[in-house]
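Q: Heads up: the protein sequence lines correspond to chains A, B and C, in order.
So for the first sequence, the numbering used here puts the first residue at 966; every next one is plus one.
So for the second sequence, the numbering used here puts the first residue at 966; every next one is plus one.
So for the third sequence, the numbering used here puts the first residue at 966; every next one is plus one.
These are computed hints drawn from the structure, not numbers from a lab.
Don't be surprised by glycine CBs; every beta carbon is placed ideally from N, CA and C.
There may be inaccurate statements among the hints.
Derived list of chain B stretches under chain C, where covered just means 3 residues or more per stretch with a C-beta under 8 angstroms from a C-beta of chain C [said to hold, decoys possible]:
id, stretch
1, 969–978
2, 983–993
3, 1093–1103
4, 1152–1161
5, 1213–1225
SDA-like cross-link-like pairs, simulated, lysine to any residue; straight-line CA separation at most 20 angstroms [as the list claims (entries may be wrong)]:
id, chain 1, residue 1, chain 2, residue 2
6, B, Lys969, A, Ala1201
7, B, Lys1045, A, Ala1201
8, A, Lys1244, A, Met1165
9, B, Lys1045, B, Glu1091
10, C, Lys969, B, Arg999
11, B, Lys967, A, Asp1115
12, C, Lys967, B, Arg999
13, A, Lys1045, A, Leu1122
14, A, Lys1045, C, Arg1197
15, A, Lys969, B, Ala1111
16, B, Lys967, A, Ser997
17, B, Lys1244, B, Asn1169
18, B, Lys969, C, Lys969
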Amino acid sequence: MKNKLLVFQSDFGREEGTVSQMYGVALGVDPSLRIHEITHEITPFDIWEASYRLFQTQGSWPTGTVFVSVVDPGVGSERKSVVVQTDGGHLIVTPDNGSLTHTVVKFGVIAVREIDETVNRAPDSENSHTFHGRDVYGYTGARLAAGIIDFEDVGPLIQPEKLILLPLIEPRGSSGAVNGIIDIHDVHYGNVWTNIPSIMARENGMALGDTIEVVIENDGVETYRELIPYSRSFSAVPVGGDVLYDNELLYLALSVNQGNFAEVYNIGYGSGWTISLRKNS
Amino acid sequence: MKNKLLVFQSDFGREEGTVSQMYGVALGVDPSLRIHEITHEITPFDIWEASYRLFQTQGSWPTGTVFVSVVDPGVGSERKSVVVQTDGGHLIVTPDNGSLTHTVVKFGVIAVREIDETVNRAPDSENSHTFHGRDVYGYTGARLAAGIIDFEDVGPLIQPEKLILLPLIEPRGSSGAVNGIIDIHDVHYGNVWTNIPSIMARENGMALGDTIEVVIENDGVETYRELIPYSRSFSAVPVGGDVLYDNELLYLALSVNQGNFAEVYNIGYGSGWTISLRKNS
Amino acid sequence: MKNKLLVFQSDFGREEGTVSQMYGVALGVDPSLRIHEITHEITPFDIWEASYRLFQTQGSWPTGTVFVSVVDPGVGSERKSVVVQTDGGHLIVTPDNGSLTHTVVKFGVIAVREIDETVNRAPDSENSHTFHGRDVYGYTGARLAAGIIDFEDVGPLIQPEKLILLPLIEPRGSSGAVNGIIDIHDVHYGNVWTNIPSIMARENGMALGDTIEVVIENDGVETYRELIPYSRSFSAVPVGGDVLYDNELLYLALSVNQGNFAEVYNIGYGSGWTISLRKNS
């Protein structure tokens, strides 16, 4: 029994009609589809962010949900279009351009198929070369979510190892210390999220209530160095105070209580932004 | 027969994945839930605005709708989590931090229950302390809207008088005059809405077509004083002209036709922003 | 069998409760309606943009979809409220203020009815004069989408020729050249879309791979003149390069690859923004 959940992500914005066209084509496939979204506000062309948002959200969605992610600066070029089946029981429809990096590394994928666009393409869209989101990804995602086609009908299997991945630096721990990267921003509040699981901090001797020395470097240049409390939530420090906390995915994160950490300290994200944390003794 | 309507409000924004996680958890409870929203663009941490938007919108939604409001600067602290049953036949799930002020004062509530988080919390979320919107409020709202639990299953009854309320100044009328506060902005257009019902203006001798002297003070300091027409709609004055009108909730409101009243005259909102209106004779 | 699709467009924004009120009233008519949107981010009062977005999106939506468009600077004045039945099998509910211009000129309408507001108005909304989007348009659209009323129940027929249209300049072709206007922006990316069908370029001897001289004038004053490639997609030119391409509706369009054409060259849209393209020989 299909739950008919179809979840879109893109960098199209909602100011104009593009997203609506994708939804219209999908609902033309089956008007009873339950369409939702991760966000359509991915920074334009930011494949890293697209990859992170897929990772961030998919665990909250029920098994059988079909995701369609369209951050596609190479639309019209030779990049592949794929559907992956994840360990968590989801399908993700996306260009093969790195958007699956976090999903592959942190969750794992069971199988990958390249979309055969000769059969999986909206009728009468052959002359359209700049809107695969509507013509291929949205249409194919809708037919998968509606149960009109199965994963096997997408196209030929390809090796998961052939998927294009962005370079990710893995977190590491040692006694009293952990290090990793700034993986993303919680953009609305300006919180800064690392790729270091809270459990790794625990295993290396750091606990809530400790004071932690935090150092952030951008391509090796020190940008931030402070001793700050590791607390249960923002409200444990005064408004305007820096705090280390476990975010909603149970990774280490940094916040200025009711302020914008990323902006105040001018912090970016990605593999060039490394962070090390050490328990103060 | 449940209508399965679940309506969210938050200050999370839609730029990233947080709202999507709440929706995913709710749809994991029941994929046939009809999820809609008030807005996710509440000014961060602005409990007054959250309170007003709940008041503004709930009357338009059918009986049985479940609202989930998450403006929660105190997440992780000791503030209570509650569900209220309103006079209008709605349920509202929210932190008890003042978000229910306008609802209590203008509509009234029938009963309040504190959420027992030992039973009303998403599975495996015990270690998450910063995302009650997903783990407690969204999950509980979804189970109420789906009919899996009833209001009685939320947790123990508490006295409605114990709810935390922000200080509200009530409007008053006298012959030819009314006064009150600037209750909120119609932010997209910059119109300024008072807490004075249009009917109170009528009862005190003011009518459409009158010229009205409007005075706005911020903590007692005069910010605006003009004689302006009281008109049926914006288009009754030239573009750029000030106008007093009855807003969509039938309260007195101020507009610059096709302009931004709040910005032009630098007006805020809340109990510190008082307004008095007097019929010009 | 109704598909129950109801698609809204407005210039209300999503920052506050107005859109939610429209949706609540519609779902009070029938909670099983499938409400979606074109956008609520139309530039305030921009009837031209509203007209274009209706044109841009309606072709992607299935037959039977009901659109409600509320860009209504004249709310409360004597402008008519209408429902049109389009050649494509859609209904559009809107103020008669020019919002239907592109729909009429590019698709055609079969029949137009003026809304009889004595019967097609939300209960108890008689004293509300500034929110026809909720009280008349949303409510009537919902009852049409739900199948509670038919097109015949809307109100009296009026002549399609009586609809208010904005002045549109039609595109023209001659040997090796085409000209028209800048019809709209793809605002999120800053691409600039013309009203010249790609097929008209083909018929006048222009082909992918050609170099084209593009001239844009604003009320007769030259704003842009360049020789640029006519390519299959953005990625055919380097990042930062200008490119002419066929947009998703198969009209000629201009882009700076991963840049913002409209902003870089300060381009507007509408009948005052003319464009001519000539094949370079």
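Q: Hint by hint, say whether it matches the structure.
A: A quick look at each hint next to the structure:
no., hint, result
1, 969–978, "holds (count 3)"
2, 983–993, "violated (count 0)"
3, 1093–1103, "violated (count 0)"
4, 1152–1161, "holds (count 3)"
5, 1213–1225, "holds (count 3)"
6, B/Lys969 to A/Ala1201, "37 angstroms, violated"
7, B/Lys1045 to A/Ala1201, "17 angstroms, holds"
8, A/Lys1244 to A/Met1165, "13 angstroms, holds"
9, B/Lys1045 to B/Glu1091, "17 angstroms, holds"
10, C/Lys969 to B/Arg999, "14 angstroms, holds"
11, B/Lys967 to A/Asp1115, "33 angstroms, violated"
12, C/Lys967 to B/Arg999, "18 angstroms, holds"
13, A/Lys1045 to A/Leu1122, "12 angstroms, holds"
14, A/Lys1045 to C/Arg1197, "17 angstroms, holds"
15, A/Lys969 to B/Ala1111, "17 angstroms, holds"
16, B/Lys967 to A/Ser997, "19 angstroms, holds"
17, B/Lys1244 to B/Asn1169, "9 angstroms, holds"
18, B/Lys969 to C/Lys969, "17 angstroms, holds"
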